[in-house]
Amino acid sequence: MRIKRGTKARQRRNKVLKLAKGFRGGRSKLFRTAADSVDKALMYAYRDRKQKKREFRRLWIARINAGARMNGLSYSKFIHGLKLANIDLDRKVLAELAVSDPAAFSVIAERASQQL
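Number 116 marks the last residue of the sequence shown (UniProt numbering); no jumps.
Derived from the structure by calculation, the hints contain no laboratory data. Wrong hints could be hidden among the right ones.
Derived PhoX-like pairs: lysine-lysine, alpha-carbon spacing no greater than 25 Å straight-line [claimed, not checked]: (1) Lys-53 x Lys-18; (2) Lys-21 x Lys-40; (3) Lys-8 x Lys-21; (4) Lys-15 x Lys-4; (5) Lys-18 x Lys-4; (6) Lys-40 x Lys-53; (7) Lys-29 x Lys-52; (8) Lys-53 x Lys-83; (9) Lys-15 x Lys-40; (10) Lys-18 x Lys-29; (11) Lys-29 x Lys-50; (12) Lys-40 x Lys-29; (13) Lys-29 x Lys-8; (14) Lys-29 x Lys-15; (15) Lys-52 x Lys-92; (16) Lys-40 x Lys-50; (17) Lys-52 x Lys-21; (18) Lys-92 x Lys-53; (19) Lys-40 x Lys-8; (20) Lys-92 x Lys-50; (21) Lys-18 x Lys-8; (22) Lys-40 x Lys-52.
Simulated DEER-style distance windows between Cβ atoms [claimed, not checked]: (23) Gly-26 x Lys-52: 57 to 63 Å; (24) Ser-100 x Arg-57: 16 to 22 Å; (25) Tyr-46 x Pro-102: 35 to 41 Å.
Cβ coordinates follow ideal geometry from the N, Cα and C atoms, glycine included.
Start from the sequences and build out the full structure, keeping to the hints where you can.
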């Protein structure tokens, strides 16, 4: 008996074209170019989910460093002082404090510098 697979092929193409919605030109209209673009986009998405974590950590460290230097400490001495003072705040919270509440950050920096 002959098996026709038109429905499955159409479903597969529609799935790819749906993922390519919003791409420019033939990348959203033509199956072959859309399939390549979708594959590459999914690869970038997977990679960048990992890189986003690195980039945010770098941003937080830069903000903490700026706040620490305003209080007369380098970043590494500030973090070392926090460890010695048993202050368990992560870098995300410290960066938010450095930006939005410099007074509270300077209190923490003072506690860290006393432990050095």
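Enumerate the violated hints, using their earlier numbering and listing them in ascending order. 1, 7, 11 and 23
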